[in-house]
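Chain A is fixed; fit chains B and C onto it per the hints.
Protein chains in written order, with this note's numbering: chain A, 1 to 430; chain B, 1001 to 1405; chain C, 2001 to 2338.
A couple of the hints might just be wrong.
Subject to a maximum C-alpha distance of 20 Å in a straight line, what follows is the list of computed DMTMM-like cross-link-like pairs (lysine to aspartate or glutamate) [claimed, not checked]:
#1 B:Lys1162 / C:Asp2140
#2 B:Lys1232 / B:Glu1220
#3 A:Lys289 / B:Glu1052
#4 C:Lys2139 / C:Glu2168
Hints were generated in silico from the structure; no laboratory data involved.
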Amino acid sequence: MSNLSYVRTDMLPEQAPPAGQSGIALWLRTNLFSGWVNSVVTVVVLVLLYKVLADILPWFWNGIWVGDSLTECRAIRDERGLESAACFSVIRERWSQLLFGFYPKHLYWRAILALVLLFVAISPILFDRVPRKLFMFTAVYPFLLVFLIWGGSIWGPLMAMAGFGVGYLAYKVIATQNALLGLIAAFILPVIWWIFIAGPLAGAIHSVVPIGWEAVESKFISGFMISVIIGVSGIALSLPLGIVLALGRQSDMFIVRVMCIGFIEFVRGVPLITLLFVAQLLLNYFLPKGTNFDIIVRVMIMVTLFSAAYMAETIRGGLAALPRGQYEAGDSLGLNYWQAQQLIIMPQALKISIPSIVGIFIGLFKDTTLVAFISISDILAFTNLIRANTAWNGIYWELFIFVAFVFWICCFSMSRYSMYLERKLQTDHH
Amino acid sequence: MTTTTDPQTDSFHLSQLLYDSRYRSMTIQVVALIGFVSLVAWLVSNTIVNLEALGKNFSFGFLGQRSGYDINQRLISYSSDSNHFTAAAVGLLNTLLVAFLGCILATVIGVTAGVLRLSRNWITAKIMTVYIESFRNIPVLLWILAFNAVMTEGFPSPRDFKGDNATASMLFNDSVAVTNRGIFAPLPIWENGYQIVVIVFLLSIAAIWAFGRYAKKRQELTGDILPVFWIKLAILVLPVLIAYFVLGRPIGLEYPELKGFGFKGGLNIRRSLIVLWLALSFYTGAFIAENVRAGILAISKGQSEAAHALGINPKNTMSLVVLPQALRVIIPPLISQYLNLTKNSSLAIAVGYMDVRSTLGGITLNQTGRELECMLLLMGIYLLISLAISGAMNVYNKSTQLAER
Amino acid sequence: MNKSVIFGVLTVAGLAAGTASAATLDDVKARGKLNCGVTTGLAGFASPDANGNWEGFDVDVCRAVATAVFGDPNAVDFTPLTSATRFSALASGEVDLLSRITTWTFSRDVDLKFEFAGIAFYDGQGFLVPKELGVSSAKDLDGATVCIQTGTTTELNLADYFRTNKMEYEPVPIETNAEGQQQYLAGACDVYTTDSSALAATRATFENPDEHVVLPEIISKEPLGPLVRHGDNQWGDIVRWTLNAMITAEELGVTSANVGELAGGTDNPEINRLLGTDGNLGEQLGLSADWAKNIISSVGNYGESFARNVGSETPIGIARGLNGLWTEGGLQYSPPFR
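Next comes chain A alone, as it looks inside the complex (with noise of 0.2 Å):
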């Protein structure tokens, strides 16, 4: 036999793929200009991009970050002979104001720790890998988020937190006795705790042993911050009572589902500036003669029944969402209707409802530029007083952009978590 192959044996050295399949080249045709439709379109694209981006970028390239007023501003621009340019000297000279309002500045890192600590409080919600400990220090959070924001006495809402402790020991000494009295006083005690009790014990002991910082009042908190106050705690405290009205909304209870559903749909069909409204000019008519509340208490409890409806139907979807099994299995294991919400269903509920409740708090938190219509100055509120000043007449894009960052920073980073969060959740599915 001759050595006589007629295949070859040797492997051919590999080569470039030809020009136009590989790289920018390919990635071009793939993407850009597949077909005439295609190229067309990239390029009035790409046109019309550049009109306007020549535009705007100059603008924001040539912005002006020296000067006191826009009067300088201009005669800046024109002295470097610019045709346009941003006057950013105003976001220099009055970010903080922005941002924290008319909150003392030397307290500002107080506001910088809670929201810090906030970080923290929800980070055991938020991501699995958290120890569950955390959640301890999530319960004491709202206190401490009065303390740290509001200031004054530290008595204040300790007494608050301990209206829970004498819930809690009314419930486990009485319930010994009679289960049913047990609850009751559960549910009675801690509100005579704290309407007439908490104050003025905490106004003795603080008598006492004064401990404390300055204090702050509402009408000083203002800026983004009220942005962020309001946002996280009309989720916070609509949470318990969306939960609520979502199961009341589900009841058997004839009664119980009609209240829930009047609710819900009263709440969903008005807009949030009604509302805030209501808060504002008719609060002191329902409430009785001489009640005076704090205008941000009024916003907050208004933005929470308004958010606790969108909570309701949100944790509704949840419910729906779980197999009708888990709702037997529940059953067969024995357990009441509430074990079995509390143990079985809430807790499954909940989690598939996180990423639709990140999405009400992003609405939510947008909603609350709205309370600026009533005279409450927050960020939006804030460009206007600041032009008002002689200095800063008549400047917007600067004061327009800066706002729209903060709330697309803030915003876009909660709607990326709640995608993680959804394909995380996904994953059992496929």
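Below, chains B and C without anything else, positioned relative to chain A:
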């Protein structure tokens, strides 16, 4: 805590109201009802006491008083001599107008952006992503203000049209002027014989509907697909045009003219309406786009592949296979977007659009000091609008859901 | 359970916020601060600087009242209020005093149950137009597009004025002064109408103020003044006489520069009564004897405040005109301190 088996005793104890599951739900409901009624009673009695203390009464009589202020955009006749009720009605119609226009445009924008975000053209898809993410993550109030600033500063003032060295000129053969006060366009004038043209137009619409049904039936029976769009367009346009010219052009046009301080005559679409309309539409459109994208992605790829295998062309695959199924997913969130748009239209005052919030809940409230009555009316009106929209859309939703087995 | 928790916490928060009682002075003293309602920003009248300190003519009235009560011009918290929310804020006790370019009208005084403490600023509604329009009188404005702040008396005045003169116009409602300025400058309206002081303030900040002119017609009377709730006469008196003290001080030549010296005693018995070296006027108001002296030394007299905030030396540049003293041809006239 509670027993799961019901005690079989004939005697009735009070404790049974709580422990017996036959009575317990009754008890809870009664307690809830009593609580609710007493809450309402408490609020009402507080209100009565407070009103008395302020020396005010609860009455809607102020609605009959002379309003004293002018409204620029009025769909029904109104002047500063009209009463507050008419002012509220003008505002309500303005709200409905912008909500109606907004819902249509938002749907168009949303569907376009949602489909284009899935486009194979990289740059188009990216631009749509930028559009959607920026509109979804920035408050609508800021968008309204930004659109307003763009239109105010970006378009010429009527003054720029004047004089020999005018810097701006009218479009379309001097018939349309785009200014920062709004768009001035020709207004149809009805002359003798216009009724016939209108009747022909209405008949054409009826014919289109009938033809649509016929075409569908024919397609189901024979599988032939007629060029439905072009035939419908012909039915819509041709008879009207013929009638119009045969009757000697009974519908004329009144053109806007530069006169005095600005443009006079013709149709004036004010800036406030345009700005509010566009801002609400683009904002809501971004949300609808996400719904549409989710809806399309929810239809499994197998559906369109099956359609291709059956030889259905790509256009018909979209319109006959993918979209009808996607609609079932898209419509429920679409309803809530429409509701949101309508409710967001209450921000109209930010650009000076006189909607019902600005008239009844704004100027009237300010001038008469009737906060309670005005706010109650306002909330009632919005509630009715919301219920009407969700009711109508739910009916439509049901009709599409029937396709499901 | 959860519901009750929320309401419980809110109840605590709400009750802690306190209640409004009849004696405003006692409330203010107990609080240690005066709550004063001002505009949401109008150059020369009320605006915060970079440090959050408020300044302006309206602000000075608040500071004067705070000085009268506490002897400290900084013992005051400012609440910016929109025109839509100002009255409910005052009625509900959220603010003790409203010093917010508010026009004294019959219905606000009688129907809305407020008490105007006097007239701090005589104003009237005017028109601002670009010179290039060639308009010299408001009577030439037939068919004009007019920018107007909504929720104010100017809206009604405008409707009445055009109606009585049988002219047509197109109103463009705007929310804030800043917005009105933007629209006007871009030519979205031909005319901007509001109180002529605000027009002057707005015009002053234009890039080219000379290209715009305020028309001679003043179509309404706009007496602006601080107001308080009906029914607390002591508090009303304090605000009224604080304003009067500033006006009287100018009339008597008492300024922040010489008040220390004059407080030592002068030959003029009225100065002595005003500054508390003679008589017990302060005590009668429930204040300290040197209340007016404190006002003048920390805020200045009426003329000083005017000149500092809106006067012809400031960018706003409003002439005294009607706001001059009665002895100088103006309308500012304080009842005697006796």
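Structure versus earlier hints - violations, ascending order
Failing hints: none at all.
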